[in-house]
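Enquirer: Sequence:
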Amino acid sequence: MEAPRPKEKPNPLRAANFCSRLFFWWLNPLFVTGHKRKLEEDDMYKVLAEDSSERVGEELQWYWDKEVQKAKKEARTPHLTKAIILCYWKSYLALGLFTLIEETLKVIQPVFLGKIINYFEFFDPLDTAALNFAYGYAAALSVCTLILAITHHLYFYHVLRAGMKLRVAMCHMIYRKALRLSNTALGKTTTGQIVNLLSNDVNKFDQVTIFLHFLWAGPLQAIAVTVLLWIEIGPSCLAGMAILIILLPLQTCIGRLFSSLRSRTAALTDIRIRTMNEVIAGMRIIKMYAWEKSFSELVSSIRRKEISMVLKSSYLRGLNLASFFVASKITVFMTFMTYVLLGNVISASRVFVAVSLYGAVRLTVTLFFPAAVEKASEAMISIRRIKNFLILDEVSQFNLQLENSNENVLLHVQDLTCYWDKSLEIPTLQQLSFTVRPGELLAVIGPVGAGKSSLLSAVLGELPKVKGLMDVRGRIAYVSQQPWVFPGTVRSNILFGREYEKEKYEKVLKVCALKKDMGLLEDGDLTVIGDHGATLSGGQKARVNLARAVYQDADIYLLDDPLSAVDAEVSRHLFEKCIYQALHQKISILVTHQLQYLHAVNQILILKEGKMVGKGTYSEFLSSGIDFASLLKKNEEVEQSLIPGISTMKLARNRTFSQSSVWSQDSLAQSQKDGAVEQPPTEPLVTALPEESRSEGKINFKIYRKYFAAGANYFVIFILLLLNILAQVAYVLQDWWLSYWSNQQEKLNVTSHGNNGINETRHLDLSLYLGIYAGLTMATVLFGIVRSLLVFTVFVNAGQTLHNKMFQSLLKAPVLFFDRNPIGRILNRFSKDIGHLDDLLPLTILDFIQTLLQIFGVVAVAVAVIPWILIPLVPLCILFIFLRRYFLDTARDIKRLESTTRSPVFSHLSTSLQGLWTIRAFKAEQRFQELFDAHQDLHSEAWFLFLTTSRWFAVRLDAICAIFVIVIAFGSLLLAKTLDAGQVGLALSYAITLMGMFQWGVRQSAEVENLMISVERVMEYTELEKEAPWESNKRPPAEWPSQGVIAFENVNFTYSLDGPLVLRHLSVLIKSKEKEPILFTGTMRKNLDPFNEYTDEELWNVLEEVQLKEAVEELPDKMETQLAESGSNFSVGQRQLVCLARAILKKNQILIIDEATANVDPRTDELIQKTIREKFAQCTVLTIAHRLNTIIDSDKIMVLDAGRLKEYNEPYILLQEKESLFYKMVQQVGKAEAAALIETAKQVYFSKNYPEVIQNGQVTDSSEDAASGLIIYETAL
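Just so we're aligned: the sequence shown equals residues 4 to 1280 in the working numbering.
Rather than coming from a laboratory, the hints here were simulated on the basis of the structure.
Here the structure is a predicted model, which is why all the values come from computation and not from measurement.
Among the hints, a few may not be true.
To be verified - Quick list of in silico lysine-lysine cross-link-like pairs, BS3-like style, CA-CA up to 27 Å: (1) Lys750 - Lys815; (2) Lys12 - Lys41; (3) Lys308 - Lys926; (4) Lys1089 - Lys1037; (5) Lys835 - Lys191; (6) Lys1251 - Lys1209; (7) Lys580 - Lys505; (8) Lys468 - Lys926; (9) Lys470 - Lys75.
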């Protein structure tokens, strides 16, 4: 819970001067550090105040709130876009000035170019005036180039920062909203969806701000260029512009199609990630039921649909890139074809001015303008999704609690009626009335699904009330049924934002039975709890939850079954010391199934199906004998049937899917005979989670090779290379042919001047020149398109292959892997990394190949024209190589820091959503919001560096290119005698295009490397350690196992190779198949019978057997009702019953019941026990339990302590041993109960061992051979 790191480096941008800001010099110290060593989080600069999450978030929130109010007045839905525009238009408009300067310069540059070429066309060695003018033009060209180099990057830096602000503000608002969602709203959205808003949708804002200004700059520039071209070559220019204009709607059309495909892909991706989330969360169950194959088919079928969409959109992208690649070629071709056919004569200056002007406008019109349209439409979709989220219902802040809590604290409820879901006719709670005053303890009891937890939700304000009165005065503390802990230390989990007061804190630990546990943990209460609380066992989590509430020192305590996760002794301790004593002056409501404590409470409320069936004190109930009997039987039986306590060990697993701790004896006293027993292992099984590995240094070439090989075989890859080279050659030849043509024409012009001074122009053979020109153009277009499509086919295929490999390898990974790695980390590979492989990587690779080949083309042309250009070129290349390596040293680390600082933002969100009620009950929203902002700011620091460092590099690259342009411009003037106008035109116009292109190519090469990190991460998961194969060669016969007898011989067991022993030298007959209440999203039917193996009738029968038939019949679509995420629309008890039903259907020989009845009331418990006895009469049943009454009639009892087998015999025989651990446990529960338990054990023993009394038709062999009911009893002693 602690905010990320306190000490921060001040941001040097604050104090930087004008020059330093222009050239990004203020970053130099960072690069020096990055070159020397690996960058860490502490090297990042503090985020600028105006970029901090809280500031930008609250600003946008203010505009949004205003918009919502306005919309309410005008009775329309609010528009998020309006709020965004109102918030940002001023600052963003100012950036338009940069765009204006830049695009103007791009248009002026070719004019100077034309003047220089002109000098060569009319070259006269004696005319110094013309030469001076030419030098002037060369200088002007150079200045343009330099200014462009600088303004471009300043502009980019500012728009990207604007995008970052918008994204951060959105995230702040999304999180703020998530903390306020009402439960109806939570039903409409899933954690996955909210995380998706935070991970994918907001990223669109980073991109949209870059291009938005081109929506007006594009058309403006096109008009300016048309005017200039008209002056230069007359109306023929319209033919070329027409092509560009035709391309525009075509590209916009492709863009439209593309975004519709994107949204369909996104929907499929959502489904795939949600399925993956459940597969990873339920991995234990999947492995235990051996469902891997079926789930793997499920995921692959979703993935296949997704990939076919991805391929379609990739082909569209390929066409788009190809059209960009060939657009300028076609336009120039059309222009000059028209020009020549109209009878004009080609000249070098005209050709290359036109080529350059088209080059300038081509970028804007064919790339930036469509990108602006596409990104804007994508951003609009995202804004719509975010808006729909932001207008969901919020929880009503109804309990404005008293500041000075001492005066009349009260909880008064009258005729309360509530619905979770209005569409169901039956209210969740009906006509409840009760009053609790300070110093009173109200116990709420009732069967599973009676609405006990719902009652607490109503008091919390989570469950909206329809009618009735609820008066809550005082501060509330809430203990949830499923213990919730957040990443941070144990202490921060208990303090929950309060000041640490040693005395009070120690007292709280004591009453919550946590003292000993703190001693066992490695760093005491400063031990870090990983995601999902992996360091703590279920019982510890439950007690930390309780301690958190007690420490808050609130007025009203709502305790939702806090005793069910602990064993008898601890349960008694918690009730007496904590609930009864520590909270005795408070208002307390205790939901419980532990009826033995009822005599100690002030009043009892009995619920059944949301109605109140009884209210009064213990003695009143006894005398009146209301429907108490059906719930509790008569009193003596109650005493016997309700033995306190339930396991600590296993409950955690069903709740949080995390490995529970290793200590089975996790509780207060250790062993009666201390010293005789070895001390339990003191380090927990999974200490704080290992850091996510950050691969360092360069990406290995092997990774590239494997990636290409995953896409296609070597022959295809060879063809791919060949196509790329051919496309580039055709590309250059087309321009070269124009230059050659104009030179030939010029030679003719010169000769014709010589003839008698008559100036007649002789024409060249038009059909030949134009024919070859047309042929080259066709070739360029064809190769360009084919290569694009092939590249995408290969790389999307590679992504698919790697996804399948990774998923298969994940299914084969041992369970320990899932305990060690938090769900978020595994999911990240499937969402973000696979997303990169599908989406960004193929595009970036293609773009990189294309750009790289063009750069080679430019340099080759320049060298062919002026060979001595190699002299300055070599040092420039060396400088470039050094710069790139120097830059990547730092950039790689920053990119990695950016991805590692991003995960806490997501995990904070999902943790908060899991503990939403607790956070709200404790009024900790503000603190969690601040924490979220702190996580965001940390990510912004990395992102800010990512932006600025890439600009630092780009400015320096463009400087290299500018030098290259200047060298060619002045160099060609110095060598004027030996050069043709056509050659100079070709070299110079190519050099100018190098400006943006070169740095783009280098950026893309770094980007390819960055994206390859995703490939590397995916590959890492394709090579996980495997568990044993699913099917062995030595197959047992089909009807195996026929009996279900199991032998353990001297077994030692640890959860991991280096972990402590959990079982020591165990020799006994047993075997295992855990039942955990894990449900999957999908219908009820799918949960019972995932692979449709049973008829409806069988399913209904089994539901009836586990007392769920009524509950399911009440659902709107009966068995076909969709369960919410992880089955949260059922109570925990009901979920356990569904799992039991699953087991009954499977009809296995061996049944292991792990705490099956921990969260159900005694009556249901009894029914379950009865069902188990009848249904599994012929099976070996192992029960792990803490309620003695559920197990006292078993055939044998096995008592484990610290992983060792202590006792193993029939219950009655164990009870004859006054020294046995089992006898002591039975005595712990109180006299009356103990007597009843011993009586039951006796009856069972006699009816079983004296065959004249044969029970339910079951013949009893010697109990060794058919251990038909073995109990593993984890002791706390």
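Enquirer: Does each hint fit the structure? Answer for all of them.
Expert: Hints, one by one, checked against the model:
1. For the given pair, Lys750 sits about 75 Å from Lys815 by alpha-carbon distance, which is inconsistent with the 27 Å threshold.
2. Of the supplied pair hints, the one linking Lys12 and Lys41 holds, its CA atoms being roughly 17 Å apart against a limit of 27 Å.
3. Restraint check for Lys308 and Lys926: the C-alpha separation of about 44 Å exceeds 27 Å, so the hint is violated.
4. Distance check on the hinted pair: Lys1089 and Lys1037 sit about 32 Å apart at the alpha-carbon level, beyond 27 Å; violated.
5. At most 27 Å may separate the alpha-carbon atoms for a hinted pair to count; Lys835 and Lys191 meet this at roughly 24 Å.
6. Annotation: proposed proximity of Lys1251 to Lys1209 holds, straight-line Cα distance about 24 Å (limit 27 Å).
7. For the proposed pair Lys580 and Lys505, the alpha carbon gap of about 19 Å is at most 27 Å, so the pair holds.
8. Of the supplied pair hints, the one linking Lys468 and Lys926 holds, its CA atoms being roughly 20 Å apart against a limit of 27 Å.
9. Taking the CA atoms of Lys470 and Lys75, the gap is about 25 Å. The hint holds against a cut of 27 Å.
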